[in-house]
Amino acid sequence: MTALELIAAATQAVYLAIFVLVVRKVIRRPTVAHVDMALFLGAITVAFVRTRLTGWFGLPDLRIVGIVVTSLIVAMPYLLLRLYDDFSHVPERLRRAAQLGLLVSVLLIAAFDPAPLWASLTLVAYFAVVSSYASLLFLRRARLAQGVTRRRMEAIAAGGGLLAAAIVTAGLGLTLPPDLRGITSGLTQLLALLSGLAFYVGFAPPAILRRAWQEPELRAFLARAAELPRLPTTAEIVAALEEGAGKTVGASARIGLFSGHGTLRYQRPGEAEPIERPSDAYIAGRAFTEQRTVFTAQPAEDDREHAREYAEAGVGAVIATPIVAGTERLGVLTVYAERSPIFAESDMELTRLLAEQAAVILESRALIDEAARVRAQEEATRLKEDFLSAAAHDLKTPLTTLVAQAQFLERKAERDPKAPVDREGLARIVREAKRLTDLVLELLDAARAEQGRLVGDREPVDLVELAREIAERQTEAARIVVEAVAPVIGQYDRHRIAQVIQNLVENALKYGGRTGTITVRVGQNDGEARLSVADQGIGIPPEDLPHIFERFRRGGNVDSRRFTGMGLGLYIVRGIVEQHGGRISVESAPGKGSTFHVALPALDGRMDG
Amino acid sequence: MIAWAGDEPVRGIPETAGPAEAARGGRGRRRPVLVVDDDRSILETVSQILRADGYDVLRATSGREALAHLDRVEPSAVLLDMRMPDVDGWAVARAIAARGRRVPVIVMTAAANARHWAEEIDATAFLAKPFDIDELLTVVERHTRPLA
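Protein sequences, first through last, are from chains A and B. The opening position of the first sequence corresponds to residue 1 in the working numbering, with each subsequent residue numbered one higher. The opening position of the second sequence corresponds to residue 1 in the working numbering, with each subsequent residue numbered one higher.
None of these hints come from the bench; they were simulated from the model.
Computed list of lysine to aspartate or glutamate pairs in EDC-like fashion (alpha-carbon distance at most 16 Å, straight line):
id: 1; chain 1: A; residue 1: Lys-396; chain 2: B; residue 2: Asp-38
id: 2; chain 1: A; residue 1: Lys-396; chain 2: B; residue 2: Asp-132
id: 3; chain 1: A; residue 1: Lys-412; chain 2: A; residue 2: Asp-422
id: 4; chain 1: A; residue 1: Lys-396; chain 2: A; residue 2: Glu-442
id: 5; chain 1: A; residue 1: Lys-384; chain 2: A; residue 2: Glu-450
id: 6; chain 1: A; residue 1: Lys-25; chain 2: A; residue 2: Glu-345
id: 7; chain 1: A; residue 1: Lys-510; chain 2: A; residue 2: Glu-476
id: 8; chain 1: A; residue 1: Lys-384; chain 2: A; residue 2: Glu-550
id: 9; chain 1: A; residue 1: Lys-412; chain 2: B; residue 2: Asp-134
Just chain A, same shape as in the assembly (with noise of 0.2 Å):
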């Protein structure tokens, strides 16, 4: 036995092994599929045990015989086309030159005996062009799918291009001196057997290599479900459990997420609108009402309400498996491909795990969502809490004077009632409750400020004169500039608005230093109204800045008890700012001074427009 010979026969062994075990897979499970698998693999197991047969028992070669192999042989790029069908949408085009092929070559082989060249070419070529179409059809496909399915069609598109290889050398053996074509004949015989091994792998792979396959992206999913919980939003989990789903099944994956008010609600990160639909329609629908994994083959049959859209989509089989953590019903993962073979039996399994981890991650969200509702209420007590305590504390601090000093004077009259009046001890009454006044009415336009109702009505307010009024009024007048071009005029609630103006001013004045001067700049940009308050101060400490407009400028490492104050000044600035529809920030740099910036919409400056 030449070397030749020996490929030979390990091809056709090869071949042999992998139709019966093909035969056994249409015995134990006759898909389409699997017959289609069985009737490719078959021709070319009949074509080499008839060469077997006549050759070891010198069987008589009737020419009768010897067409219907040939025609087989041929026919194999149709049964191939017929096989990617069952896969993915092959195109009707296609599949009607293939059968014309068919017939052109089956008519050729009955005619001629033996064939002519031209003939015999004619049939390479048609044989060869078919197949390798279909192959990078394939690829191009291949690139779309994802996990096992890619490698599943890239599997076949190598069987194709290995069967086109094997063909075409066969064909190049034709136009060889005969002493040469056993070398071609052996590549072909090598070539096919590669191709049928691929076709194997592609169309009906082992368990084991399937399994080995899906492993590395199960694995891959698992390792990032620890941290998905922790993703910014729902929908992100959502989409990335999709994803990790989608790749270890090898298809498409969806979850629906059950709204409570019976619909499943499908939302991808970026979309505006959830998509929506009843929980008891479509084959989700389906698996969530009856709390079971559903598998169909043919969706639009077992859906016709949907049929339509099923088949607009492309979807030719659909695995859906309810998410349940414990009693609760989450949602629906819904696994789903252009054909059935690409699921196989054990991916309803497959398929219910991942939805069992679907179930923990989205649970765990649900806890951590839980967990930061509970603290963010117990941070808002806290801040109440203290702000109650604040508040207390600042009242109390005018009270001591009050209560104290009046009862010192009152003892004073009983003692002696011709005494002359203590008017410094009076002055202090006088002027402590006006500071207790000026506190309770500070904690009233607090509240009102939380609950956004700091502004009444409005009036046209010229900004310019308001400020240099606001400035003239003051006890050190002479530090302050105004400085302005025109009127800057805006529907204004003028108390509030002047109450910003002299709060800004006010802290100015106290913290710009002794002796610097404060300028007020009033001006219109972008039809705003602008107005800034500059001191050359010490400035604001840059840890300070981001919270000075906050109700409470306290960091979190600073002592409770040295937290004095309630600081509401700014706070009900801004408050006052933002609901005119404006807004205001503060520059400032230690040793720089502070600037504070408000911008309010502006009428046109216009008077006559």
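Please build the complex by placing chain B on the supplied structure of chain A, with the hints as guidance.
Positioned in the frame of chain A, the structure of chain B alone reads:
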């Protein structure tokens, strides 16, 4: 004894000499009481009341000022506000302890947890603001000791 207890007969205007001082008569002068508060109104009012009752009063508007006084004199008691900018009541109390003084410290605070803070610095007594004039005088009387 409590000065100006409600039902006691009027004893005259305590501008220069109060009944407490009268009672101390032969036992010599007391050392001054140091009042520390960053709120000037409270500081003035408390000082005025104590002076009217015959105490010598030293005033400090900050913890720093209080420490300066403590360097020079040994008061018979310190009335101490807790929340003050810069050097606060805790710092003053620590400084007193660090100097090995055994001066009675009376905490004056508007905070809700006055008692807790008093315990924190091992104070002698506390006055929760706003306090009654009698409370003030009673506590100060009880905790100021005459010179030996």
